[in-house]
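Going down the list, the sequences are from chains A and B.
Numbering-wise (the working numbering), the first sequence opens with residue 948 and increments by one.
Numbering-wise (the working numbering), the second sequence opens with residue 667 and increments by one.
By construction, these hints were calculated from the structure, which means they are not laboratory data.
All of these numbers come straight from a predicted model, not from anything done at the bench.
Check the hints yourself; a few may be wrong.
Unchecked claim - For the chain A half of the interface with chain B, some residues (derived, Cβ under 7 Å), not all of them:
#1 Phe996
#2 Ala997
#3 Glu1001
#4 Ala1003
#5 Gly1044
#6 Val1045
#7 Leu1120
#8 Leu1122
#9 Arg1150
#10 Glu1155
#11 Glu1158
#12 Val1184
#13 Gly1188
#14 Arg1190
All C-beta atoms, glycine included, are put in the ideal place defined by N, C-alpha and C.
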Amino acid sequence: MSETTLPPQTIERWAWVGLAWLLTIPITAYRSPLTGQTPPELEQERREFARWLETAPLSPYAILALQPVGRGISIGYEPSDIPLAIGTRGMAQEANGVVTLDLGTSRLVLPHGRAVPLERYQLVASGAPGRTVIAAYGVARRHQPPTYFPYAATLSLGVTLEPPERRGRFRILGLDGVETEATEAGFVRVVLGGTAARLRVYRIGAPEDEEAGLLIFARDGTSGHGSYPAGRFVELVPEGGQRFRLDFNRARNPFCAYSSAYPCPAPWPGNVLPARVEAGEQYPEAPGATGR
Amino acid sequence: MTRSRRVTLPALLVGLAFLPAGPHDPVGAWRAALDLASGELRFSLVIEGPISHLTGRLCNGGSCQALSAVRVEGDSLVLELGEYAASLAAVQRGDSLVGRYHNVGRKGPRTIPFRASRGRWAVSAGPPGLLGRWDAWFESGFEQTPRVLEFRNGPRGLEGTVISNSGDYGLFWGGMRGDSFAIAHFDGSFVYLLTGRVAGDTLRGIFHAGLRSQTAFVATRSTGRPHLTPPTAVTRADTSDRFRFAFPDLDGRPVSSEDPQFLGKVVLLDIFGTWCPTCHDAAPYLVRLYRDYHRRGLEIVGVAFEVTGDSASDAPLVRRYRDKFGIPFPLLLGGVSEADVVSALLPQLDGFTAFPTTIFLGRDGRVRRVHAGFYGPATGAQQEALVREFRRAVERLLEEN
């Protein structure tokens, strides 16, 4: 036995310390909903979203331009409506719902919702026929990952969806800055900071669309003072029947917060919360701004 | 108790906690589930070895598809699903897997909690009060859209499908729990779960798409009267003139409706895509039709609308499709699989929405019938009725002068 060998008492002491430390892990995890520690599943959602922003080919960090096709737009070397560092230029037009880019020597069809490569860029047409927009994507720019307010367990609310008031389909600007059809799903009532508010909920997407959902776009006391000035989106999570979870910790910025290429949605009528909803995604303010 | 044993106990516990989690041997059958918001989507996984060369299948009841890759990465098992850029990644701890389903979304990642344990789901049959055909209304706000629901008992228990105006959503599989049913279709791209409860002649429930999208539905027993738009009324066509088409074949040679091969013949123009599961369901029946009626004057021509619209990448996919089904009739390359593109390239069609769509041309080259969609095997008796209807329609056209 060498002189450096630890005596049995030391091994025992460290083993007990290790065991005690291990026992604190479940205790810490159990405490999290009560003490404001972000639940692990939300941490994971945020990590996955940050990774999607960095790596998805059509991430808002990779967008270069988004333009309505209207009567036709030019795409290619400057000057163009969508300027790209390539050696060609063409006109994109929409006829009978089909969007084509005529590059002179070749003609590209731009199907709605699908990326079409143009040299090292990706072009995507989206939106309703007759009101199509074309987005151009390049390599994702480096960005800081989104930042969030500390987790607030009190801002995860169980709500009941009340019936809608208006029939029909409405054109609204979605999270991704593209005009989409929505139906009014109803209203939810919340009481925050001693003030009651009634929030309008829209259903966006068809029943078979896995990214369809019940959305609220709302402004609150933090809008422009810690969170994005135009407001934030929150999705209602179904809990059975007309019961939903409205978790402001999952409030997200519209894509216009990540790139000025996107148009910003206008606040939905009536969706203003006077209280400061200090939960969910933040928006870094310009240097010198106050109120943070 | 000796000193040495007192030392060993906590040391052993600490040591156990830091044991590496893998790699384990994942080979075998797994009861798997995706945890959707207020709903469990059940499916099965079968992983086959050796561990150096793992393969696997994902099954909805008896309907299985091969996983495109199975591999162990650190302590995780990663299963790649088809060509959808989707995967299941899970940490294996003994006889359980816990992880996430992951797919690239348009507005963020599409991730859903995933778990599995060793074994097979118990077979759970549906009661007579549920089996059969139901006329459903999917409800969203003030809007109602029609669907048909089919339930039957198969060798692996309760199965069925959901049918819309443009076709069925493939085979759903599941079972009963008390008076509630749950059947699901998960193929790596589509995440669909239909849950509900039987109350006499009414079904009430929820159609789940993905993690959070839910649509309530109410259904009543089918009366036999049409509930959906008939497949022959979805897409219209100009019948005042010969129906014209012209597309390159897989080797780039032009083929057109005016070629001698088609003149004076009954022609079925099949608009399909190799990406479209319903088109795969229809292909064997078209091959049989061709074999049975070609000598009497039937020609079939398939026009493929593919994901890229680029013939260099589409032609190999279509060749593989041709070889898979042993298709003896010509297959042509139409372009990108976009309804608007089909409409622009076949301007005599009006209201094209569904892949596949089959256009029946008489011997004079004019459209006699346009059939949108195809009922797959998941629709049971409806598929048999449709196949009989196609044969009768072809026979009638062959008898015309």
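*Numbered hints the structure breaks, given as an ascending list*: 2, 3, 7, 13, 14
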